[in-house]
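Colleague: Each chain, letter by letter, is given below.
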Amino acid sequence: MPNIPNSPIFPEQGSDIARSVDHLMLFALGGLVVFSTLIAVLVLVFMVKYRRKHEGEVGEDVYETNPKSQILELVWSVIPLGLLLILFGWGTKVFFDQNRPPAGAAQYWVTGRQWMWKIQHPNGRREINELHVPLGQAVQLRMISEDVIHDFFVPAFRIHVDVLPSRYTTYWFKATKTGEFHLFCGQYCGTEHSKMVGKIVVMEPRAYEAWLAGEQAGGVLPAVASGEQLFVAKACNTCHRPDSSARAPILNGLFGAQVTLQDGTKVTADENYVRESILNPGAKIVQGYQPVMPTFKGQVTEEELIQLVNYVKTLKAADGAAEARK
Amino acid sequence: MTTSPNPVPAEFPRTHYLNAAYGLKSWLWTRDHKRIALLYLVSVSVFFALGGLMAVLIRMELATPEGDFFQPDVYNRLFTMHGILMIFFFLIPGIPAVLGNFLIPLMIGAKDLAFPRINLLSWYLYTIGGAFTLWALLHGGVDTGWTFYTPLSTNYVNTSVLTVGVGIFIAGFSSILTGLNFIVTIHRMRAPGLTWFRLPLFVWGHYATSIIQILGTPVVAIAILMVAAERMLHIGFFDPKLGGDPVLFQHLFWFYSHPAVYIMILPAMGVISELVAAFSRKPIFGYKFVAFASIGIAVLGFLVWGHHMFVAGQSIYAGVVFSVLSMLVAVPSAVKVFNWTATLYKGSISWDTPMLYALGFIGLFTIGGLTGVMLATLGIDAHVHDTYFIIAHFHYIMVGGAIMGYLGGLHYWWPKITGRLYPVFWSKLSALVIFIGFNVTFFPQFILGYLGMPRRYHTYPPEFQVLNVMSSAGATILGIGYLMPLIYFVWSMRYGPRATANPWNATGLEWQTTSPPPVENFTYPPVVTAPPYTYEAQPAAGKEARLGA
Amino acid sequence: MAHDAHGPSDLAHHFDSYEQQKESATLGMWTFLVTEILFFGGLFAAYSLYRSLYPEAFRAASHSLDIRLGAFNTAVLIGSSLTMALAVRGGQTGKPKTTFTMLLGTLLLGSTFLAVKAVEYADKFTHHHVPGPSFHFEGPDAPHAQLFFSLYFGMTGLHALHMVIGAAILAFMLRPALRGAWTPRNHNFLEGFGLYWHFVDLVWIFLFPLLYLIGRHH
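Just so you know, the protein sequences line up as chains A, B and C, in that order.
Using our numbering, the first residue of the first sequence is number 380, and each one after it goes up by one.
Using our numbering, the first residue of the second sequence is number 20, and each one after it goes up by one.
Using our numbering, the first residue of the third sequence is number 430, and each one after it goes up by one.
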C-alpha cells in the first residue's frame, strides 16, 4: 500500500504499523465525511425548502401515513451497524499488530519516573530521555514505572502504552525511517508532565553499532553481567543454587516454564512473575517449598530488578552454571 | 391548535409562582420545583462562568509553545478545576436540575415533583458540595486532573484532593436524589390519560438519565471515598506498593464516568426532540424509536467503560469486547440523528432562535458522535488516546451537544419560566457566534490530536503552534457568544416584552398554563387525550395566539 | 420519605390520593436502595478482584477474625429484622404501643451489634491488624493480608456507618411512635425505614461469609 505523503494532518510515518493506522483512519474519516455531509445537506435543504410559509401552517406527519417508515428505521439502524462492525474488525486487527511483537525482537528496558525516561539497551548501554535504535530492527520495550502511571507515546509509531508501577507492560515497533521522532509521556503524571518528553533516534544499523561502540565503550557492563553481580551481592545465590541442598527453587530453566504453586494452580514464569517473586516472595509459593524468603522490597530499585530479571532469563536448564549471553 | 380539552388560560396572570411570595426566605425555603429550578439556574451559571474563565486562561497559556503565563503547577490546577467545575457542577446538574426540574411536573400535569423537600435538599447538597470545591480552589486547588488517577492522586500530590473529593461526593448525592425524584415522579404522578407513549421525549430523556444517576453515581462515590481513605489512613486499595492495583480505580471511576457522559447528553437529546417537533410543527419521526434509543443508550452506556483503558495494560481481549460494545452505543445515537433529520422533512420549519440552536446541535453532535466511533476503534484509539483528538471529541459532545441543547432549551422555555421575551436579533446572533466560535476552537484540536499533541501539556513542541493559536482565537469568539445570552436574558427579566401562555404555538401541557405558571402549575387538573406533538392546521388561530409584540 | 404529616391532613398537597402518596414513597425507597446496592457494589468488586488474585493471603487473614463474634452479630441482626418487621406491622394495624416496643427492641439489638463490632475493632488494634505503618501480620503474604484488612475495615465500616445512621433515626422515631404518628392510612415513613433496616441487615448477611468464612470448609 502506498505511503501517504507528508500532509498537515498526518504526522510522519515511522513504521509499517503507522501506515496501517493511517489507512484505518482514512477509512473512518471517509465514513465521517459521508455521514456528516449527508446530515448537513439534508438539514440545510429541509430548512430552506420547508421553511414556514405562513403563521398557521403545520407540518405533515409522514411517519404514521407511510407504512414504509418502519422499514426506513430498520435500514438506518442496520447499515450503520454493518459499517461499525467492519470498522471494529479492521481496528481490532490493527490493534493486535500494534500489541504483538514479532519473535526475535530486540529487548530494551524502559523505566519511567517523575519526570524522565530511563532506557537500557540489550547490551547494557543506558540513556535518559533518548532512545537510539537501528533501522529495520523490531524493538520490544519492557516498561515499568517507579512512581505513578506514565505512558510511552511516539506519534510517528501511532501507539500509546501505559507504564504502570505494578507490573511490566510491552511496547514494540520496527522503525522504517531514519531520523528523530518525538517521545511523549501520554498519561498525566504530575507537575512537569509536559517536560517528560524525549526523542527516538532511528539510525542506519551501522551507525547504530558505531554509536553503541562510541563513547563509554568498555565502561558499561551488559545488563546480564550486572545482573549476575547483583545476584551474588544480594546473596540470592546462597539459597537459589543449582545443587540438591538448595532451600529454594532452582532457577535454571525456570524462565518461560510453568510453575506449580502451593494451591495447585499453575502460572507461567514471565518477567512479571520473577519481579513479583523478588518483591513479595509470599504471594506465589512454589509447591514443595516453605515461605522463608525475605522480601527485597525497598532494597532493589526498578532498574536493579530489570538486571536481575534479565539474569534469571539467561539461566538455562542444561548448563549448571550461569552463562551470560553475549 | 391541539385537541386538548383543557381550558385556555388567561393571557397575563396576575399572580404566579414568581410573585406569590417575596424575600430571600421565600426562595431559600421553597419547595416549589419551579423556584428550585431557578436556584439551580443561578448556581450552575456561576460554576459555568468560573469554569469558562479557567478555559480562557488555559487557551491563553496555550497560545504559545512555552509556558509564559503560568507555572506548570498553576496550569495543572487550571485544567483540573476546569474539568471538575464543568463536569460535576455544570454539565451533570445543568439540564436535569434546571430545565428538568422546572418542566417535568408541568409536562406530565403534576403539581410538583414527588418529593419536594428532597428536591430542595438536592439543591442544598449541590451548593454545599460546590462550596467545598470552591474552598479548595481558594486554598490551592487540585492538580490531579479531573479523573483522579491513582497512585498520583493518593500518594504523589500535595493538593486539596480530600476537600474536592468530599465536594464531589456530596454533589453526587444531590444528583442521585434528583434522579430518584424524577423516576418516582414520572412513574406515579402523570396526569389522567398521559400514558408512557404520550410522554414528551424530553421526559423520556430524563427518565433514561435518572436511571444512570441512580446506578452510576454511587460507584464513583465509593471510588472517591476509597481514594480519601487511602490518602488519610494510608490503607492500600490501589497502592501498588501495598499490593493494590492502580488500574482498579480506573475501572470504578469509568464505570460511572462513562455513563455520566450520557447524563450530560441524554437530557440535551430530549430538549432537541422537543425543539425539532415544535419548530417543524409535526410529530417526531419514529417517536418510539427515539424514546427507546434513550433507554438503549442508558443501558449500553454501562457496558462500555473499558474503552477508556485500551492502552492501560488491560488484556487486549478485554479491549476487543469493550470496543464492540462501544460500537453498539453508536447505533441508537445514529437513530436519533436520522429521526430528527427526517422530522424536518415536510415540516413547517421556523427559524426561531431555539431551532437554530437545535440544528447546530444536530451538526455538532454528528461530528462528535462519529469521532467517538473512531475512538471506539482499537487501532485508532491506541494512537489518539489522551491526545487533543479526545479533547476535541468530548467537547463536540459536551459543548456542541450538551451546552447547545441547554441554551436551545433555555431560549425555548424562557418565556414560560420568566413570562418575558428576549430580543430576537441578538439571540439569533448569539446562536451563530457560538456555532462559529465553537468550531474554530475545537476543530483544529482534532488535527492537533492526530498529529500527536498530548492532552494536559503545559508546553508543547513549536510545530503545533499554528493550530493552537487558531483554537485560542476561536475560544475568544466562543466566550463572546456565551456572554450575549447572559446579558439579554438578564435584561429581559425586567425589560423584555410580556410573553403569552404559548408564544411558539407549541403542543405540550407546559404551554397550556400561564406564563409564568401559577404555584400549583395548573388552575384545572389537566387531562391528556392525544399523543404528543399533535398539530392540526388552524390558519386563523395561530396568528392570534402568538404574541403581538 | 415525603412524610408531610403536618398541617390539617397527612396527605401532602401535591398528591391526589393516599394511594398515590404511598406508591410514591415505596418506589422512592426502593430506588434509593438500588443506589445503596451499587454504593456497596464498588467495594464488593474490589473484594472479588483481590480475593481471586491473592486467595492464600485472604484465607490466612480471614482466619484471624473471630468467627464466634461474627456469628453472634449475624444472629443479633436477624433478630433485629424481626422486631423491625413487627414494628411496621404495629403501624399497619394501628397499635402504637407495639410499634414503640418493637422499635425500642430494634434499637437495642442494633446497639448490641455496634458494641460487638467495637470490641472486634479494638482487637484489631491490639494485634496490629489495622492497615497502616504499624501493620503487622504473621503469614507468608503480609502485604496482601493488609489488603484484606483494608477491605475488612472499608466494608464493615461502611456497613457500621449505615447502622449508626439507622440507630440515630430509630431513636428519633420512638416518641412519634408512642404518640401514634403512624396510622393504617399513612405509615409510609415507618415502612420506608423498615426497608432500609432490612437492607442493612442483608448487606451483613453477605459480608459475614465473605469476610469470616473464607476457606473454612477445609
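Watch out, some of these pointers could steer you wrong.
[Claimed, not checked] 20 Å max Cα-Cα, derived PhoX-like pairs, lysine-lysine: (1) Lys432/A to Lys447/A; (2) Lys260/B to Lys676/A; (3) Lys432/A to Lys130/B; (4) Lys428/A to Lys365/B; (5) Lys260/B to Lys663/A; (6) Lys553/A to Lys578/A; (7) Lys365/B to Lys447/A; (8) Lys574/A to Lys472/A; (9) Lys44/B to Lys447/A; (10) Lys578/A to Lys556/A; (11) Lys497/A to Lys432/A; (12) Lys695/A to Lys676/A; (13) Lys546/C to Lys130/B; (14) Lys676/A to Lys613/A; (15) Lys497/A to Lys556/A.
By construction, these hints were calculated from the structure, which means they are not laboratory data.
Colleague: A separate judgement is required for each hint: does it hold in the structure or not?
Modeller: Now the hints, each set against the structure:
1. Lys432/A to Lys447/A: violated, 28 Å
2. Lys260/B to Lys676/A: holds, 9 Å
3. Lys432/A to Lys130/B: violated, 38 Å
4. Lys428/A to Lys365/B: Holds, at roughly 9 Å.
5. Lys260/B to Lys663/A: holds, 16 Å
6. Lys553/A to Lys578/A: Holds, at roughly 15 Å.
7. Lys365/B to Lys447/A: holds, 16 Å
8. Lys574/A to Lys472/A: violated, 33 Å
9. Lys44/B to Lys447/A: Violated, because 57 Å separates the two Cα atoms, which is more than 20 Å.
10. Lys578/A to Lys556/A: holds, 14 Å
11. Lys497/A to Lys432/A: violated, 70 Å
12. Lys695/A to Lys676/A: Measuring from Cα to Cα gives roughly 26 Å; hence the hint is violated.
13. Lys546/C to Lys130/B: violated, 46 Å
14. Lys676/A to Lys613/A: Holds, because 12 Å separates the two Cα atoms, which is no more than 20 Å.
15. Lys497/A to Lys556/A: Violated - the C-alpha atoms of Lys556/A and Lys497/A are around 23 Å apart, more than 20 Å.
Violation of the numbered hints given earlier is confined to hints 1, 3, 8, 9, 11, 12, 13, 15; the remaining hints are satisfied by the structure.
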